[in-house]
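Number of protein chains: 2
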Amino acid sequence: MKINPLKGMKDYLPAEQKLRDYVQGCILDTYRASGFERISTPILEDMENLDKSEGGDNLNLIFKVLKRGDKLASALASGDEKALCDMGLRYDLTLPLSRYYAANRDKLPTPFKVIQTDRVFRAERPQKGRMREFVQCDIDILGDASCNAEIELIDVTARALLRIGFSDFTVRINDRRLLRGMLSSMGFADEALDSVCITFDKMDKIGVDGVQKELEEKEMPAGAIQALVEFLNQGEFSLDKVASLCQDAALGENLRKVIQSITTLSGGAYQIAYSPSLVRGQGYYTGIVFEITCAGFSGAVAGGGRYDNMIGKFLGQQVPAVGFSIGFERICGILAEQNFAIPAEKGKLALLYRSEDNFTQVLEKAAQLRQSYTVTVLPQAKKLGKQLGNLEQQGFGTVAFADNDELKPLGERQ
Amino acid sequence: MKINPLKGMKDYLPAEQKLRDYVQGCILDTYRASGFERISTPILEDMENLDKSEGGDNLNLIFKVLKRGDKLASALASGDEKALCDMGLRYDLTLPLSRYYAANRDKLPTPFKVIQTDRVFRAERPQKGRMREFVQCDIDILGDASCNAEIELIDVTARALLRIGFSDFTVRINDRRLLRGMLSSMGFADEALDSVCITFDKMDKIGVDGVQKELEEKEMPAGAIQALVEFLNQGEFSLDKVASLCQDAALGENLRKVIQSITTLSGGAYQIAYSPSLVRGQGYYTGIVFEITCAGFSGAVAGGGRYDNMIGKFLGQQVPAVGFSIGFERICGILAEQNFAIPAEKGKLALLYRSEDNFTQVLEKAAQLRQSYTVTVLPQAKKLGKQLGNLEQQGFGTVAFADNDELKPLGERQ
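Residue numbers (the working numbering), protein chains in the order written: chain A, 20 to 433; chain B, 20 to 433.
Quick caveat, the hints were computed from the structure, so don't treat them as lab data. Fair warning: there could be bad hints in the mix.
No copy labels: a pair is met if it fits in one copy or bridges any two.
To be verified - Straight line, CA to CA, 25 Å or less: simulated DMTMM-like cross-link-like pairs of lysine to aspartate or glutamate:
1) LYS126 / GLU35
2) LYS126 / GLU411
3) LYS367 / GLU425
4) LYS26 / ASP89
5) LYS29 / ASP111
6) LYS21 / ASP65
7) LYS126 / GLU348
8) LYS365 / GLU56
9) LYS37 / ASP48
10) LYS71 / ASP137
This structure is a prediction, so every number in the text was calculated from the model and none was measured.
Please construct the entire structure, taking both the sequences and the accompanying hints into account.
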């Protein structure tokens, strides 16, 4: 028998799981206090639904489940590889949510403020910080077309991070339509905008020269490239400037309102930045997009945006939607790197008994001690000194014995 | 796009998920207070490990995951159906735990008191109360060969059920070795004992006559059948009687100690019964087995037993183990049928705002109200009366408005 978990998947030790449960608890408590309600959907989704979703590269990373019984036999006989599987493991929580909302809409309030925290799966080449099975924590507001939905999602997600113990983070925000409007006004063709955005999003890494070079390689119009480069060379560019180039005053006004509201609500506890090149990968975003970055750590710890067209694919009727997803594994990884200590809870006490003790009375004594401690009942080892040392290493602060009333603190022994 | 979840799997509405989270919270709180620690393993396991496990019928119910890339291509070329898949969805939490313990033993305490609560998958023909994806809540004690492990597992599982709000339940307990010893002494052959036990376990349903008939159909020795029937016709049979037939005084003594301890620990809050025909399905149980039944509901709400040989298959060294699994879906189903009300928590308040209100101030007001309520921020509808009615139906007890300080109770309107 093989004893290791599968490639890209992980066994969590008790201390790791405790941190994960703590982080998830902070997130859930914060979201629930704001009236968001948790739902749950199956890990498996219909294969056709997955194939038709706009998941970008993720569609190549789906774990597919083999058909069973007669259906498998006829699929094998057909020789058609695509016919072998009828379901797949979900690669995110947004597609299942859209399906769920379409299926259950008559039982759900409007707007629907929803929490999902659960496992997703991607058959990626395993590498540091990239798992094949991982947890996402999402909140979404469905049915609110106003930018109040964006404001509330950002506010509550930032409060969840503060609650966990994060502080030095920045919310970066943009509206894809502003960026596209500006690029369009510079002379890039509509059908080239996605490609230009992908290059533009790398500006932090490759600089203005790199952007120019890549756009030239992509054979974009020279005049458009020149206009963009001139604009970029003016240095830091403001929302006002981009909005004026974009020639859509309402879009700029809308984003400005979101940024100002969040700035006020933050009370200075975190930063907010207009991030004109921010795009976020998913194809389904339609307007404002945002992410949270953390000083000293590359990449985002949370990301989201508005996706007004996705639920319509299931429902045949558009439903405005905004979502914000916390990168749960990223958060836990950063906390572990920082040797984060979970805030104090009830102390751990080991109640030791010998084989001659009455075990029923041992458990009765444990029940009493549980009013003040988390009590683990353990057989007393022959080498008590060594056992006490081990218990101390395992985080026990106190030891008690079945046959007397002494409570012995650990860690204060000579 | 298809909007319904896959066959045998379920979308959980907010109220259903709330009940599930409440039940899981009660279970986790109870287990953690007793020093059990939660771990987590991947949903996917190696296909060979699954195939070699002693899962009985469950081995025919595994969802298998198709290989990817080059490995899939060569598997397809080979024409070998069994080569198509390299992993599968786990059908229980005991096999993953055994693998986990073997992989991580040097980082785990002895005895290891462990919690798992997570999803498992079985490709069963869907029917009422039987899902293809469902949650199990397991606790296990690894590394304690004494019956104290059984006593503690039963005590803490029963306390978890009491904490949830269950009371009218019975812990049924047996030792497979006692039953087998008794049957052996009556003249059944060792290799026939599994089959005889399966028949005997049905006695509650088919009666003594039914047992006799089925054993005759199975062509068991007439003398052995007659000895068993005579014994059964003596009516209620006691642990003393069975133990004396079994001719192993220590086994009877051991089971008597467990039953007496649990009886004392229960304080009369639930029943304990010696259940001489109890076997439990899994092939891997080696000694004492137990289950919990609930008055008015057929089948068990929890089941478990000792499995001393399973971890050895991974580790090459025997590790004594006992587990108890709460049927989470069963518990939630019974509570839903009883219209169980989750104990009171912070009241739900809806804070209504109009489009002309300053949304930043609305969220600031919500943050203040959150000290006393779970606050959901919602746009005020044009038809306020209808909206208030809907809110009341959704469980909101209070409504507040962005532009004044009134707190309006719902449900007391004229």
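Status of each hint after checking the structure:
For the homomeric pair LYS126 and GLU35, the shortest alpha-carbon distance between copies (12 Å) is at most 25 Å, but the shortest distance inside one copy (37 Å) is not. Taking the shortest Cα distances, LYS126 and GLU411 sit within 25 Å of each other only across copies (15 Å), while inside one copy they are farther apart (52 Å). Taking CA atoms no more than 25 Å apart as the test, LYS367 paired with GLU425 passes inside one copy only; the shortest distance there is 15 Å, against 46 Å between copies. Taking identical chains as interchangeable, the C-alpha atoms of LYS26 and ASP89 lie at most 25 Å apart only when they sit on different chains, with a minimum of 16 Å there against 31 Å within one chain.
Taking the shortest alpha-carbon separations for LYS29 and ASP111, both the intra-copy value of 18 Å and the inter-copy value of 17 Å come in at or below 25 Å. Proximity of LYS21 to ASP65 under the C-alpha cut-off of 25 Å is restricted to the inter-copy arrangement: shortest distance 8 Å between copies versus 31 Å within a copy. In this assembly of identical chains, LYS126 and GLU348 lie within 25 Å of each other by CA distance solely across copies; the values are 22 Å between and 32 Å within a copy. Taking identical chains as interchangeable, the C-alpha atoms of LYS365 and GLU56 lie at most 25 Å apart only when they sit on different chains, with a minimum of 14 Å there against 28 Å within one chain.
In this assembly of identical chains, LYS37 and ASP48 lie within 25 Å of each other by CA distance both inside one copy and across copies; the values are 16 Å within and 13 Å between. For the homomeric pair LYS71 and ASP137, the shortest alpha-carbon distance inside one copy (22 Å) is at most 25 Å, but the shortest distance between copies (29 Å) is not.
Of the numbered hints stated above, none is contradicted by the structure.
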